[in-house]
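Protein chains in written order, with this note's numbering: chain A, 1 to 215; chain B, 1 to 215; chain C, 1 to 215.
Relax, there's no trap hidden among the hints.
Which copy? The list can't say, so a pair holds if one copy fits it or any two copies do.
Derived lysine-lysine pairs resembling DSBU-like cross-links, with alpha carbons at most 30 angstroms apart:
1) Lys15 - Lys74
2) Lys33 - Lys110
3) Lys143 - Lys33
4) Lys213 - Lys15
5) Lys178 - Lys113
6) Lys48 - Lys187
7) Lys52 - Lys134
8) Lys185 - Lys52
No lab work stands behind these hints, which were simulated from the structure alone.
Listed here are the chains, written in short residue letters.
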Amino acid sequence: MALDSIFQFFIPKDKKFFTLFDEQAANLVLIAKALNELVNTTNPERQKELEKEIERMEHVLDQCAHKIFLELGKTFITPFDREDIHRLTSSIDEIADYIHGASKRIGMYKIEKSTPTMIKMAELILQSTEELQKAINELRNLKNLRNITDACVRLNSIENHADDLYDAAVADLFDNEKDAIKLIKMKEVYSALETATDMAEDAANVLESIIVKTS
Amino acid sequence: MALDSIFQFFIPKDKKFFTLFDEQAANLVLIAKALNELVNTTNPERQKELEKEIERMEHVLDQCAHKIFLELGKTFITPFDREDIHRLTSSIDEIADYIHGASKRIGMYKIEKSTPTMIKMAELILQSTEELQKAINELRNLKNLRNITDACVRLNSIENHADDLYDAAVADLFDNEKDAIKLIKMKEVYSALETATDMAEDAANVLESIIVKTS
Amino acid sequence: MALDSIFQFFIPKDKKFFTLFDEQAANLVLIAKALNELVNTTNPERQKELEKEIERMEHVLDQCAHKIFLELGKTFITPFDREDIHRLTSSIDEIADYIHGASKRIGMYKIEKSTPTMIKMAELILQSTEELQKAINELRNLKNLRNITDACVRLNSIENHADDLYDAAVADLFDNEKDAIKLIKMKEVYSALETATDMAEDAANVLESIIVKTS
Chain A
1 MALDSIFQFF
11 IPKDKKFFTL
21 FDEQAANLVL
31 IAKALNELVN
41 TTNPERQKEL
51 EKEIERMEHV
61 LDQCAHKIFL
71 ELGKTFITPF
81 DREDIHRLTS
91 SIDEIADYIH
101 GASKRIGMYK
111 IEKSTPTMIK
121 MAELILQSTE
131 ELQKAINELR
141 NLKNLRNITD
151 ACVRLNSIEN
161 HADDLYDAAV
171 ADLFDNEKDA
181 IKLIKMKEVY
191 SALETATDMA
201 EDAANVLESI
211 IVKTS
Chain B
1 MALDSIFQFF
11 IPKDKKFFTL
21 FDEQAANLVL
31 IAKALNELVN
41 TTNPERQKEL
51 EKEIERMEHV
61 LDQCAHKIFL
71 ELGKTFITPF
81 DREDIHRLTS
91 SIDEIADYIH
101 GASKRIGMYK
111 IEKSTPTMIK
121 MAELILQSTE
131 ELQKAINELR
141 NLKNLRNITD
151 ACVRLNSIEN
161 HADDLYDAAV
171 ADLFDNEKDA
181 IKLIKMKEVY
191 SALETATDMA
201 EDAANVLESI
211 IVKTS
Chain C
1 MALDSIFQFF
11 IPKDKKFFTL
21 FDEQAANLVL
31 IAKALNELVN
41 TTNPERQKEL
51 EKEIERMEHV
61 LDQCAHKIFL
71 ELGKTFITPF
81 DREDIHRLTS
91 SIDEIADYIH
101 GASKRIGMYK
111 IEKSTPTMIK
121 MAELILQSTE
131 ELQKAINELR
141 NLKNLRNITD
151 ACVRLNSIEN
161 HADDLYDAAV
171 ADLFDNEKDA
181 IKLIKMKEVY
191 SALETATDMA
201 EDAANVLESI
211 IVKTS
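Just need the whole structure built from these sequences, with the hints factored in.
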């Protein structure tokens with residue numbers, strides 16, 4: 001058997017990763033869309049439905065990550081460094097966890113009407129997930145590295161924007177909210193939303209390190 | 001020297017890991033037992049003693065992790081992937097950290113009588129540590145992979161249960177606790193307890209990835 | 001080309017890491033010094049300036065970490081395990097993040113006069129960063145491993161000290177601060193300061209594991 005055919009042998013498994021990454025990224029965009037609908041609805045029944053839907057989607061995303069980790073265990077030759085695959089998958093999984101965390105808190109703390117900051121932050125999260133999806137879809141051929149680096153730049157700037165929104169909203173809470181319990185509730189919701197964009201920035205950092213190694 | 005004897009050379013060091021893992025797991029069960037006694041006692045002196053005992057045990061567990069990391073640095077051939085050993089040891093160490101964190105908060109916040117949720121969560125933590133110990137003891141021969149996967153399934157379901165308990169207890173706090181400072185105290189204790197089971201689930205994920213690679 | 005000259009080829013890149021580590025460590029000391037000035041000033045204008053200065057420095061430290069990660073991606077042979085370089089750089093970056101986080105909270109929560117605990121904790125953070133700098137400067141030749149292990153021992157004891165200060169300050173808050181919102185503010189500032197020393201201990205753990213492998 002020529003060396004060439006030995007490598008052929010690995011290719012099918014290799015390609016599996018891209019399909020799994022794409023699936024994870026697509027589901028991430030879906031959960032971010034559900035979050036946006038959640039913060040924009042004022043119908044309490046629709047709110048409950050969306051909370052359940054986000055919970056269900058978070059399980060789907062857990063399974064996506066799980067499949068990638070299993071594949072990583074079974075595959076000898078991987079398209080990128082094993083550690084990078086692990087980190088990329090974990091950070092995407094954490095974005096979904098924080099989206100789910102924000103949704104859970106909205107329900108648990110009975111926040112019936114979203115603040116403008118919540119709506120804006122959910123929008124930034126959706127943008128993050130769409131940028132990540134674009135970048136991840138490019139991983140398959142790596143022909144347009146520029147598209148990936150551009151997405152990473154935008155992910156960084158989205159995170160900065162979310163950070164500023166968070167700081168302003170929390171400063172405002174401490175200035176104006178006299179009810180400590182309400183303050184805690186809102187602060188925790190903002191914090192979950194902001195951390196989701198942090199995790200997207202982490203994912204961008206992994207993408208950047210993958211690109212450096214292949215270029 | 002035949003290749004065989006070269007490998008023989010490494011076996012003694014290799015086996016050391018299992019002894020160290022077993023020691024770490026046994027100490028983890030002990031600290032979880034002390035936590036259970038702590039949340040079930042109403043004697044303030046016994047409470048103080050147990051808090052000190054848990055603090056002492058946490059140092060012992062720190063040393064267990066430290067020994068494994070040192071061994072990892074010195075050993076060229078390890079029984080599992082170095083990263084998996086690092087992650088498994090770290091996550092067990094974090095379970096102990098959160099058990100200690102919960103105990104410290106109980107003392108610091110002068111919580112003299114545990115709530116039913118605290119008692120139930122401590123029980124779930126103990127179950128987690130016992131499942132982990134079973135799974136870790138099986139790592140030595142890997143003859144009964146099924147025992148390990150079964151333990152991992154149970155660890156996941158324990159974590160889900162703890163999650164539900166946490167959500168219900170926190171929702172109840174926000175509904176009924178009008179004293180914000182008391183609310184903060186209780187929420188932090190619940191959060192430390194719940195995170196301990198999260199860390200046990202992390203450990204289960206590492207065990208699963210070890211199994212996938214060896215099967 | 002002899003094997004020797006192949007390795008020569010890698011040495012220039014190799015040395016780059018030490019320059020980058022030294023740069024990161026030097027900037028870390030600077031941001032810790034700015035934090036100390038911040039908690040010791042009572043001039044509100046100087047406070048604002050220092051908050052901005054710390055924010056700027058945190059970006060510089062981000063870039064330091066970024067340069068190391070890029071170098072890691074481009075370099076085939078590294079002076080230490082890739083994972084250790086990644087962990088060391090990340091933990092130093094996190095120290096800077098928490099220093100910045102503490103400074104942001106001091107500004108956001110309008111804490112005009114630092115408590116003695118804040119001043120003492122900032123001092124411990126500065127000591128941590130100076131110990132880290134000493135240890136990191138020694139990495140270049142590894143002739144005085146003892147200097148590194150001594151620094152690690154001191155980093156551990158600094159962290160324990162900060163931990164005790166944190167516990168005492170938080171217990172005191174819960175005993176004496178009746179205003180829940182003020183309590184939340186102070187607790188968060190203390191928590192950011194204490195976590196900075198935790199991250200320094202993490203960096204010490206990585207340094208220790210680097211030493212074990214080279215000795």
